[in-house]
Every structure is written in C-alpha cells, then in structure tokens.
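Asker: Given chain C, put chains Y, S and B in place with the hints provided.
4 protein chains.
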Amino acid sequence: MFDRVVSNGLIVTAEATCRGDVGIADGRIAAIGTGLVGREVIDASGMLVLPGAVDEHVHLQMPLGDLISSDDFTTGTVAAACGGTTTVIDFAEPRPGQSLVEALAERRAEAEGRVVIDYGLHMTLCRADDQTLAEVPASIESGAASFKLYMAYDRLRLGDGDLLRVLAALRAHGGRALVHAENHHAIAYLTAQALAEGRTGPENHPRTRPALMEAEAVHRLLALAWLTDTPVVLAHLSCALGLEAVRAARARNQRVWVETCPQYLLLDEQEYHRPGFEGAKFVMAPPLRSEADRAALWAGLAAGEVDTVATDHCPFFYATQKTRGLADFSRIPGGAPGVETRLALLYTYGVRSGRLSPQRWVEVCCTHPARRFGLAPRKGTLSVGADADLVIFDPERRVPLSYRTLHQNVDYCPYEGWEVHGYPILVLSRGEVIVRDGEFVGTAGRGRFVPTAPMESDGD
Amino acid sequence: MFDRVVSNGLIVTAEATCRGDVGIADGRIAAIGTGLVGREVIDASGMLVLPGAVDEHVHLQMPLGDLISSDDFTTGTVAAACGGTTTVIDFAEPRPGQSLVEALAERRAEAEGRVVIDYGLHMTLCRADDQTLAEVPASIESGAASFKLYMAYDRLRLGDGDLLRVLAALRAHGGRALVHAENHHAIAYLTAQALAEGRTGPENHPRTRPALMEAEAVHRLLALAWLTDTPVVLAHLSCALGLEAVRAARARNQRVWVETCPQYLLLDEQEYHRPGFEGAKFVMAPPLRSEADRAALWAGLAAGEVDTVATDHCPFFYATQKTRGLADFSRIPGGAPGVETRLALLYTYGVRSGRLSPQRWVEVCCTHPARRFGLAPRKGTLSVGADADLVIFDPERRVPLSYRTLHQNVDYCPYEGWEVHGYPILVLSRGEVIVRDGEFVGTAGRGRFVPTAPMESDGD
Amino acid sequence: MFDRVVSNGLIVTAEATCRGDVGIADGRIAAIGTGLVGREVIDASGMLVLPGAVDEHVHLQMPLGDLISSDDFTTGTVAAACGGTTTVIDFAEPRPGQSLVEALAERRAEAEGRVVIDYGLHMTLCRADDQTLAEVPASIESGAASFKLYMAYDRLRLGDGDLLRVLAALRAHGGRALVHAENHHAIAYLTAQALAEGRTGPENHPRTRPALMEAEAVHRLLALAWLTDTPVVLAHLSCALGLEAVRAARARNQRVWVETCPQYLLLDEQEYHRPGFEGAKFVMAPPLRSEADRAALWAGLAAGEVDTVATDHCPFFYATQKTRGLADFSRIPGGAPGVETRLALLYTYGVRSGRLSPQRWVEVCCTHPARRFGLAPRKGTLSVGADADLVIFDPERRVPLSYRTLHQNVDYCPYEGWEVHGYPILVLSRGEVIVRDGEFVGTAGRGRFVPTAPMESDGD
Amino acid sequence: MFDRVVSNGLIVTAEATCRGDVGIADGRIAAIGTGLVGREVIDASGMLVLPGAVDEHVHLQMPLGDLISSDDFTTGTVAAACGGTTTVIDFAEPRPGQSLVEALAERRAEAEGRVVIDYGLHMTLCRADDQTLAEVPASIESGAASFKLYMAYDRLRLGDGDLLRVLAALRAHGGRALVHAENHHAIAYLTAQALAEGRTGPENHPRTRPALMEAEAVHRLLALAWLTDTPVVLAHLSCALGLEAVRAARARNQRVWVETCPQYLLLDEQEYHRPGFEGAKFVMAPPLRSEADRAALWAGLAAGEVDTVATDHCPFFYATQKTRGLADFSRIPGGAPGVETRLALLYTYGVRSGRLSPQRWVEVCCTHPARRFGLAPRKGTLSVGADADLVIFDPERRVPLSYRTLHQNVDYCPYEGWEVHGYPILVLSRGEVIVRDGEFVGTAGRGRFVPTAPMESDGD
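Residue numbers (the numbering used here), protein chains in the order written: chain C, 1 to 460; chain Y, 1 to 460; chain S, 1 to 460; chain B, 1 to 460.
Looking at chain C on its own, in the form it has when it is part of the complex (with noise of 0.2 Å):
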C-alpha cells in the first residue's frame, strides 16, 4: 500500500516509454509496475508521466545594480512548478569580502521560506585569490559542488589567468564549472563605437556580441580548460560557430558539455528589429541568433552534442526594468522570462515535431541536467528512491502562451501568442502535488535546498 499511486500513465523517462504505475511512499518513487495500490490514486490514462524536470539556470530575485530581476523566490518557483519543473538551480554571489560558505548561507537565507521546490544553488567564482581558491572545499561540502565562471560582465569575469586557476583549483576538487563564454573587450569595444556612433536601440545589442566572439570565448575557454584538463559544462551556447569550437575540443578528446536554452532553439535575431523598443525584450546574453544557428543547435541537441535545455530564466518587467535602456541599449537589463515555458516548448518543436525522441526530450529536460551537476539520481529520474518528483503531462492539451496567464512575474513572454500542443497538467514534488490542473496548491517555503555533489572520475 503506497502513500499514492500514479496510475496507468505512458511512463516517459530517458531510458524508455512504457506503460505503468509509479508507487510513492514517503515522498520517494517506491516502486514502478502495474496494478500498483495506494491510498490515493491519481489516474494517468492517457497522460505522459515523467520525472520532474531540473532546470540547472535560472536567476530569481537577481540584483544587477539598481534593479532586481522581477521573479522573487516564490513566484519564479511557482512558476516553474506549474511549468512542470521541480527543481532549479539558482546562483550564490559572494559579495567582496565574503566568504562562499557565508555567500550561501546568505543566499540560503533569502530562499528558504520563499521556494516552493526544490533548488540547489551554483557558486559564482568572480575572484581568484588564493584565499577564495582554498574556501572550494567548503563550497562543496556546504552543497555548492559547480561554480559559475563569466569571461564577460564587468564585475563577474575572470581574466584568462584568473580562469585558469579556478579550473585547476575545481579540477583539484571535483568542483564544476559552467561556464558564460563571451568576448568581454570586444563586447566592450563594440558597445562603446555604437554608442558614439549614437546608435541607442535594442537591435544594436545583438551587433554588440557577435558569434564569432562567442565561438573565440569558446575556443579560449577549452583550451584553458585544456591545459589544466578541467572538465567544464558551457553556458547557455547560442551559436553554430561555438559548437565547431566544441567538436574541435572534443576532437582532441577533451571533456566538454553543452547547455542550450528554449530561446536559442526557437527564436532568433529577428526580434530585435520589432518596432520601438520591443526589442529590448529579447535582450539577454549571448543574444538570439541566425536562423542556421538554430538548426545547428537543434540537430547538435538530437545527436547528443548538446546536452542540456537550461533557461537562464532572468525577467525583468518591460514597462519599469527593461526601460532603464530606453536612451542607451547596453543599460538595458539582460535576460527574458523563461522557466515556466520549458518543458511545453520542448515537447511541441521537438518531440511532435519529430526532432527529438521522448527518452531525448526527458534526457535534456530533467535526467541530464541533474546528472550533469551531481543531483542525480535523487532528481532528473524515475528511479526507486528517487525523489518522487513527477510531471502528469497532457500530450493533447492546447495552451496559448501569455503572460497575462502564465505564472511568471513579468509582463510579457517571448512567445507570446504561440501555442503549445502538451502541457504538464499536475506536478507532485517529493510526492506532493503541488501543481492540480495548472495552478499551483502548494504552500511557499516547502521547497528544499538540494546539494550538489562533485565530479566523480568518470565525469558523466
């Protein structure tokens, strides 16, 4: 007798679909078979039921100086959750003088009693000094195991030497590295020629941050990450010209991951040529691409090179936050809302579009992502004693994209007027359910800090 049972759904994971029933007792997955009894039935005929999908990237309640991103702890959670997403991975930024422990409990604090899922948290390493070097450690033990590295944005990146030394001290440590690959300077130099030029708009910005120097970041990274033979997982990578510089990696056998995200797959530069400043709603970093870019990062997901679909959720409001750039594109805030649309997206262009197989859908969705920064298998599975996150999803239900209905705290979605055929229609996290027929019935603060464990050898 199970605490509850998920009956007669097509059981979709990574390994295989097939009909059954998923058992949870104790909010773990007890048992998967069929004719499964539980206290509580819930009746999946006809429905998808999947592990709960990790989103390894997201930035709620973001500082980025004078503004704050627009989704707080609950309503970016509650978002999630209702977009079928059960655990995220937010990021802790130690301030000058703190210390990474002290950094995390920090951000710990700011999340408790707020998530509604689970969430771990990335330590952001934008120093190098010796005596942050020696805190990796504690950062690992403390449940911090991946660290977050940006070769751009002013206060954040790391020179190459700086890198260089964070990824010898993770490889030391089985720390993890994701890494943001742009070309600071000539970021830099570019914003500053189209601002004297007086060239303002948001459809300067994806001018400002060419692929090309994308792919160079790219190429630099590897073979920094070479010398010091550091695993590292790279970044929400947009562009066709960054996967070469990948397979060149790989070629020389070297480790290397690859995130994605929805936008890269399904929007592209065309966007910032909207009228007025409507462009400024597709300001993020890297910035939407070419149209071939897209192919190329939708066949690079199907053959396995790219490996993960993370959003680098990170909204600010159109109206009041974006407007910060009305007279300068590169005060614009960058990133765009993304973490409750995830999952719908990728099942509607990929899996019905026959793009991606269902195992592949829930590989990059939910098991990799976990794998990949050592929340696996409690996340990312239908495994027994797994966490019993699960998505019911209605493969046949319609739903219009909108901000007006979606749970985001922003006002507006980039894909605004699109509709998607499938739809996560309950969510049980750690064997509760939490989302019933799209809204969210959970209570804020029930989420848990989930910690991330470091590399083992096999780096998989």
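I should point out that these hints are in silico values taken from the structure, not numbers from a laboratory.
Quick caveat, the model's predicted, so the values are computed rather than measured.
The beta-carbon is built from N, C-alpha and C at its ideal position, and this holds for glycine as well.
Just so you know, not all the hints are guaranteed correct.
[Claimed, not checked] Just so you have them, the derived chain B footprint on chain C, three or more residues with Cβ under 8 Å:
#1 184 to 190
#2 212 to 225
[What the hints assert, rightly or not] Covered stretches of chain B, as calculated for chain S (at least 3 residues, CB under 8 Å):
#3 10 to 17
#4 31 to 38
#5 240 to 253
#6 384 to 392
Answerer: Frame of chain C, contents of chains Y, S and B only:
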C-alpha cells in the same frame, strides 16, 4: 506475487543507478521497487542488475567462401548469454535470385531450434535493382527493418549509384541503414601491390586498409546520405579520422550514428607484429588502428559522439581456418571472436577506469543498440513491460580471459591472459535463468526471432 | 640594337612592377632596361606590359558525340591572342586501341597549320591498363608531360582503382596530373531522377551536380593521391566546400594546386533561371555555384590557396548545338566560351576592384599556369631568354563585351553587355606582332607545339 | 655603359630563373639582358644571382631590462650582409610619454652612422590610447607604416580591447600589422606554477608556452581582426595548430599572412634537453616545437600558406647574458641569433632538399618580405629601377656553420657544426660591393633608412 524477483541489487540503467528489486511475471518486467515478493527470489545483494546486453552486430555460422564462421547459432548464442548478452542481431544475406523475404525465412530457419537467446536479423542489401528495392517494405513487414550495406568486399559492395538508390529506398520506408565503410578499390589496389611485392604476411593486412581510406568511405557515404536525407549507422568505426568525418556531417546537421567495437577500443596495430602467423588472429576489417585512434574512440564514446559498442563477432579457428591465408594474407578469413567478452571488458576498461559512467556503460551496450535498431523498449531496458532479460553482474568478480574457459567456439581469444574485473554471474532471458554462475543452463532453440521496427520520424 | 623594343611601358610581372623597355631579339626577350634601342620601337607609354597569358585548359574543335566544339584551332587561338593569351594547352585523347604517342601525333596534326599561337597538349588518360601506363614515359618524352584524369563522364572517367594506378605511374615518372573531380555516380543518379520526374530544363543541370558531390570527389581524389604521394592539380574548382577539402589535405602536408575559371569567380547559379532555354548557355561542369562560393574563390585566389585561372574554353553554338538538349538538359553539350576574355575580366574585377595585386594578376594568368605545367620560364614570364610573348595592355581602355565583336566562334558571350576596363591592344608572340589594336594580324599555322616538362623534385 | 655589370650568372627571381647579366647604374638596376657592358664587370659564371634578401624581423641592440641584445646596428647588419641580407626591418618602441614620431627619430638616430645596409623600422604599439592612435598617420608619413603588436610580454602586450582599437586604427590608415600571438596569461600562469614547483631549468621554457596557447592567441587575434576587417601578418608562427587557425580564418575569406623563421623549420624541442644550461641557447618565444610542427611549416611554406621567412634575430651571449636565468628559466633573455644564416639554410634545406623551388626560395626570403611591408619593388626584386641590392650565391660552396666564423656578435650558433651547401660570396647594396668572398668590405653608416609604405586596397 511475482513469478520471480531479483532482489536487493544495485539496478543500473541508462537512466540511473538505484537499489531495489525487479519483479518478473510472464517473462516480462512487471515491477521495479523494494520489498517485492516472488515465488522465487534471486538475491542480488552486492550485485549490479542491468538490462540484458544487446549485440547489434554478430556473424554466426556465416559462410565465407569455403569456410564458415566457427560459432554456430547455438555455440555463439551460448557464448553471448554467458557474457551477459541476451539479444543478438545477425544477418540475412539473399543469394542471387532469392527474394529478401525468402532470405529472411531461410536464415530464420537456420537459427530456429539453435539459438538460445532472442535474435534479430539485418537484411544485407548487396544489389540495388528495382525488384530488390521494391521488396524493402516486405522485408520491414517481415521483421527485418534494418539493412546492411557494404562499400567493400567484392560480392557484397554497392557502388555509389547503387548506394544512392538504396539509401533513397530506405528513406522512403523508414528502413535503417548499417554501413560498412571502407574504400574497396584502394584495398584491392594496395593488396595487389603487396602481393606483387611478395609481402604476404598478416602484418600487411592493416597496411592495405589505411585509416584514411576508411575515413574516405565514411566521408563519401555521408555525402551520399546527405543527398537522400537518410540517417545512417556506421558499423565498426575504428579511427579518429572517421570520427572527424562524422563531426563534419553533424556540422551540416546530418543524422548519423556510430558503432564501434571493443577491439578498436582496447587493441591496436602492434598485434599484427606478433611472431609468425599470430597476427592472423587479428585480421578483421577494418583492422586494428593506432593508440591515438583508440583514445579518440574512448573519448567519443564518453562524449556521446559514438553511440553503440557491438562486437562484429565472427570467429575462425586459428589452427585450421585462419591458415587459409598462410601464404597470402588476403585469404585469411576476416573476423575475430568477441560476443562473450564485451560487457565485462567495457565494465573493466570503461567504468572501472573512469572513462564511462555506469549509465553510459549500459546505454552503449544495451539501451542504444536496441533503440538504434528498433528493438526498444522491449530489449535493452529495465522498463515495465519489457522482456525480462536481465544480467546479474558481480562487480568484484575477477575473471582471467582465455579461449579455454570462454564458450566461444574458437581456439583463441584476442584478450588471452587479460583479467576482467566484474563479470555476469546470472543471466535471465524472458524471465528464465539461462546462465548460472557463468555456465549456460538453458536449452538450445529457446531463443525467438524479434522483429526490428522501422524508424520513426524522430530518428531516435 | 634589338630587333624590336617595347619602350617605356609599365612592366608588370609576378615579381614586380617597373617602368622600362623590353628588348627583343630572335623572338626572345633579350633585355629589360631603359633606353634600349631597336630597329623597331613600340611605344608603350601609359600601357602595361606583361607576359603573354597562358591558358592551361582549353578544348578546341573537341568532338563530343555528334558535335564538335565550335572554335577550331584557328578561330580559338585567334580569339585567345586577341584576348592577350599567347599559349594555350589543349588535350590529346587517345582513341580505343590508339597509343598515347599516336594520339599526341594525331592531335598535333590537327593543330599544325591552324594554330596562331604556341600550344601544348595534356594527355587524357581514360584507361589504366598496364600497356597504357607503360606509355607514360613515352608521352612525357614526346612533350606531353601532363595528364588529364576524369572522375566523371562515362567514356572518360577512371574508377578509384584505376585512379590509384594512374597516380602511381605519374608519381614514378614525374607526370603532372590535372583532375576533373566530380562524383560520377551521384550525377548519374540525380540526372536519372530528374528526367524520370519530367524535369528536363537547363535549370536542372546544377541540381544534378551539387557542390557537395564535387567536394566529395576532391576529398576522395586527395585521399587516393595521398596513398601514392602524387601531387595533383584540381581542374576548375568551383566551390567553397571543395576548397575546404584542399585545406584539409594541406593540413596533412599534401601537395595540391587549384585551378579555377573566370566563370566561377564572376557568375553564379542564378544564370540557370534565365527565361526559356537561355540557361543552356551556362551548362558546363562543374556548374556555376552560389555567391558565397564566388567569394570564397576570390579570397582563395588572393590568399594563394587557388593557384591558377584557366578558362576551360569549350564553346557550342546556342542556336544550333546547345539545342541538342532542348528536351533533355543532360544532352546539352557542356561548356562555354571564355578564352578571349580572361585577362581583361581578371584585371577589371580583380585588380581594379582591389581583390588582386597586379603581381597576383599576372601570376595566376601567366606565370603559374606555365610553371604548373612545365612551360616555365619559356612561357609566362618576362625573363631574359624567354619567348618574347608580350601583351601591351591599356589599363584605361573600356570595352563592352559582346559575342558580336569578340573573335570566339560562337553566338553568345556569358558576359554579354558587361564592360571591361582595361584591354590588350597589342600582342606579340615570339617577337612577332600578332594582334594590333585588338585585331589579329598574324597568320594561321604560325603557332608551334611547346612540350610540357615533367615535375622536378621541388614540385613547383 | 653601365657602372657595373654582374655578368653571366643564373639570375633567380620569384618569377623565373634565367641566364644573363644585370646592369647597374647609379646604384639601381638599370637592365637585365645579355652582353651588357660595364665599367666594371663581376663575373657570375656558375653562380646564382638573386635580389638581396630582406629580413623583416630583427632586434639589434634591443634593450631587455638590464640587458641589451648583443648585436648592435653595425655588427648585426654586417652579419646580415655577409649572409646575403641587404635590408632588415628592426623596431622603434616608444617610451612612456614619447610620441611615435619621436620614437622613430630616436631609433633612427641609433641606427644612423652604424648600419651597413638599408633598414626599415616597425613601430611598436604597446598602448592604445586616443593620442597614440591619433599618431598612427604621422608614423606612416614618417616612414613607419607597419606596426608591431604584442599579445604577450608584460610591458608590451595589448589586451583584446586595445587590440581592437589598434586594429581599427590601422585599418583606417592602411597601417600594416605584425603580431606576436601567444596567450600572455597562460604563460604567466604556467611559469608561476613551474617556479612554484621548483622547476627552474630551461627545459621548462617550452612547457610554459604550449603550442595550443599560441594557436589560441592566433585564433583570438583573427577573430578580432575579423571584426575590424584588418589584414594582419602573424609573426614567427611556430606550430601546426597555429596554421590550422589561419586556415579557418581564410575559410571565412579573411586576409592574413604568415611569417615563420628558420629555427621553427629546422630545430625542434629536443634542443631544450641538452645537458646543463645549454637549452638556454634556444630560449625564444614562441619556443621550438615538435617534428610534426616543423613538417607542417615546411609544407605550408611550399604550398603558399606561409608567406615569409624572417629570423627574429635577437642574440644574447650564452656565457654572460643567457646566464641571467641560470636559477630561473623565465629570466633567460629570450632570443637567438640567425640574421646571417637564413638564406643559406633555406637554400640547403629548402631548395637542395626539394622542398622549395628556387622561385619560392627567393620569394619567401626576398620578394614577399619586401612586398608585405611596403618596400617593394625597391627591395626584394631584380626589376629595373630597383635598388641594386644583389647576392652572388655560389650553389656549390660548402660552409660549416660556427659562431667562430660567423659575424654575428654572440658566442654560439644554434646550428653549430651544421654544414650548408650554397653560400653568398659577393653582396651588393645599392650597386656597391659590400661583401666580397664572405667578408664585409663596406663602411659602417652607409646604410639608409627606407620608409615602409602603407597598404593599398589590393592588400598585397
């Protein structure tokens, strides 16, 4: 109450590793959970429990001129079973004038009554006339939905025009392509040259089949498959240059998968320099390559660039069959044994050495071979409803490899004297124990033909 | 006292540009200097003085089934001369049963008495039997040291095995290889497909000869040539993908040179979409490609990756010969005129547009073609002792191109209506003025056979 | 009646080889012909006559902290002259606060009165402030139209942003860029690591400057230059990976030229494993590489992918200067002698070994260095009106190389004990014999500054 329960093992699948029981009923996996109750219990404490391995590429009792490969359908499948493989895919090769469906029936007749595990059959397409291509749908309907194409070997090979016709036909009907890619003419030229110069020993075998000419064939095949938009699987890729050609095709968004074999991962060309005629033991096509090639294949396997590990098992007795080529290396029957040792070798040199995660090990040996050839989820997975093909694998068992103790019907082992660390100790096929403590305990003829399914649009 | 002095011109060679006089004696260049005194003085003030151009690839009075290319040895060489070309290399093609030396003699007999400028002959090797290969040294001794190999065309093409045999023979004897690289079988397949679908117009010509299949043939050829260590020249490279294959070969330290043609630099595939049957005027092999291909060829030419610009001149009358393919594009005789316009087009669109330096212009049109085929320094240079083949080129002369005014014996010009800026106004061959103010003033039959020399070890 | 005639030599230029006389008047080449009559005749029977070689990259009396490179403008140019080099390009390096034009004037003042052959100066741009960039046109007008940019070395290097600013300024004004490409931060990191581990010997020098990090810098530079559309010359390319990055840039139609040096063609990393401190003799940046790198550079030089061979001559006494780094390899002054041996080494190992044609030898040592830096046709050619800088080269003279007999002011020779086969025996500079039978017979201070010209649109 299940028929049988494998209890308390460490269940390892492509998705995750978890501790639990596997419940079996009616020859199928009925449940995965804990505390499962069965009429019979197999205690798997301390053991790994994985899906029965799938070997997509074996040649049992294969005629080769006046010879026949030395493992028949019984000895070969017994050896497979003892090594943890519960499904093999062999080949049906139509004789001149024989229809595809007749060839399939004839080959099935040879296997029936003999095979001890389930088996599928690839249909060899060695001609491309209209009538043969018109039979492709019938072959698929009859359960042979994958097709072997040869670019080398006199009697079998297809020229580029025929390849195009075949690839187009497969594309039209969802047939799967498994292609042997080497440049036939270069081999013939180099062989004639070697013999004309009196170079007759087995060390000339690799010199007449250079890696560049395998890569050339891969490159050409992928160009042709691009024209017809046909996904293909490359059989037994052996070299870094070939993998580079695959990367180039993926860079133009082409769908291609790669099979390699344990021998290309573990052995290299120095074997051909053994004293006397010993090199003949390693005469196979493609030949063993360099250490750098080995490293590239391991890295590609870990990175997901290489998809499956099959054996190309095709043994000939060293003492009595390989000797056909004593005076002329080109008459040495090509092929080597391997069907029994794959799983343990990949565990020892893959998982134990840190090159592969347990998930990846199962994926490349079990799950992906089944998926790639339309046998999933029935084979290669531990999902509910799948055939209860299971391997109980003792991760600590040390087994010295020797042809004397292995079950393959051949008088040598390419890995003679090597020790593997981890070995199957009990194997179930459709719920029946067929190997116990390393010895086959089933009955000949119990194996069944499993049809391969054609491709879905998602190509996965 | 020289026989003749070309005085006061701007002498342009592959080495440098300088102001000076060229003194001619006994049909050879006797001196370059200033203040030279001659019995006859040609004032070249304001003019460029360059070596007579060398066109390494022309097909005059070439039989093609029931047709013959429309320029005979007289009209074709008159046109060449008027365009500033003082040496052409045509082809000798042995008939079945005919020896190479006989074929050479027969073709020389066709040319003698007709040609108005000096000419060489490539020997076409369309078979690879032992006897033919044994004749290679005799061909070289008889003055045909370069050999044309075809990978496409039914009657002419060599399979890979034959290619290897031929390449090895050329390597042994220093024979030079000029290779037409396209995948014959893919062309045949696509052509049959087009015709079967009722697509019969000339716009189908490029669709049946895709760039990828030219690149495939280049890649394959270079792999084969690597096996035999034979340097090769790629005839009429038309696409960026082909150039990429060349780079890959150079990356493995292979010797390969590249010829392209003005049509691949200046025209693109949109010509095939002209109304009616007009696209037939541009039916040639390889076909015209994309704008991106054009750009890649210009860049490669400037960078030294592409070595020579020849014309592949092979005209057929639009009104009466191209029409053979009215109902079937594959029967359109392939080829276009060009021998007369090369030098002026390359000056206008190369030098004037800033793509090429004057040195590079002369190098690719004059010096390198002669060097690549063993005619240097006698041809293609302005060095002392060289044949006094000179072009007096007016850099300011504007000439509208039209088949009505050009001397090529054909009823259309691919560049009809274009205007070139810069044109030959006076041409000398072995010291004799043969073109004056744009019109031929010499006599038919004055041209002589110039033997091509085999390769030296330096391969240059 | 010429002032002087070099008679009856085998004249070797980038264009051709011919037998003839060179007539000289007023220090310039007045004629090339036969039977020329001069007041003075130099019999060159049996000799090669070529343009004086141009060494685009030398560091004479160069301050390096407390040291100064050991050849001053007199000893260095005497050595150059004795080796057949009649023009060198050294560097002007502005001190902090000093304008470019002042730096040029100061460096010219150091050279005047000392140099024995003509010389140019690259302007080192080690800062990118607006004022400095505003001085670029003045530098060009003053005769320094080429600019040295460093990506490594603390005091000299430009970050990516500064590189962009400089490259854009050069593009605007036609300034030529010569770039030292190595990743500074990686070198610093690896050096600190080596020293921290107590690895202080010269064998650590190459380990701290891996080829991959040179290739990284090349790749990055070419990405930046792509943004600004600036042609660049890569200084002293040393490795195959760097050449691969060049090919990738050319594949996107970018203009880039490559310089290499004899040491990278002829020596390899095993020199660093000489006993004791001897490896210090070969400490230079980039370091010597592998045999495979050497082969790739030779092939690239023959194929036209590498454009020029310069020396980077920068000698330091082994006994008294290199010893600065006895306890710390990173303090070994970097550089080696070479200005005297280039032409003979390239003849012996290039032309005699069949790797280069005589034309290519002259092109890469004489003609292209002059053309690439705006000294053509005055230097590097044997064209009428060019400076009468000539080398009479005895192709049969065998000369053992030793620092004892060479004129370079340094106590070792990297090629000590090697024998070259072919050597300059007489050298003319502007018509004056300055080297006779291997010894300098001119006067110090006779050399003149030759301005370098900016780029033309043809970029050649």
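Asker: Work down the list of hints and note, for each, if the structure agrees.
Answerer: Okay, the hints, checked on the actual structure:
1. By the rule of at least three residues with a Cβ nearer than 8 Å to a Cβ of chain B, the coverage given for the stretch 184 to 190 of chain C holds, with 6 such residues.
2. Given a C-beta distance limit of less than 8 Å, the hint that chain B covers the stretch 212 to 225 of chain C holds, as 8 residues qualify and 3 suffice.
3. With 6 residues bearing a CB less than 8 Å from a CB of chain S, the stretch 10 to 17 of chain B meets the requirement of three and the coverage assertion stands.
4. For the stretch 31 to 38 of chain B, the assignment as covered by chain S holds, since 5 residues bring a beta-carbon within under 8 Å of that chain's beta-carbons and 3 suffice.
5. Under a criterion of three residues with beta carbons nearer than 8 Å to beta carbons of chain S, the stated coverage of the stretch 240 to 253 of chain B is upheld, 7 such residues being counted.
6. As drawn, the stretch 384 to 392 of chain B meets chain S at 3 residues by the rule of a beta-carbon pair under 8 Å; at three or more, the given contact holds.
Every hint from the earlier list agrees with this structure, and none is contradicted.
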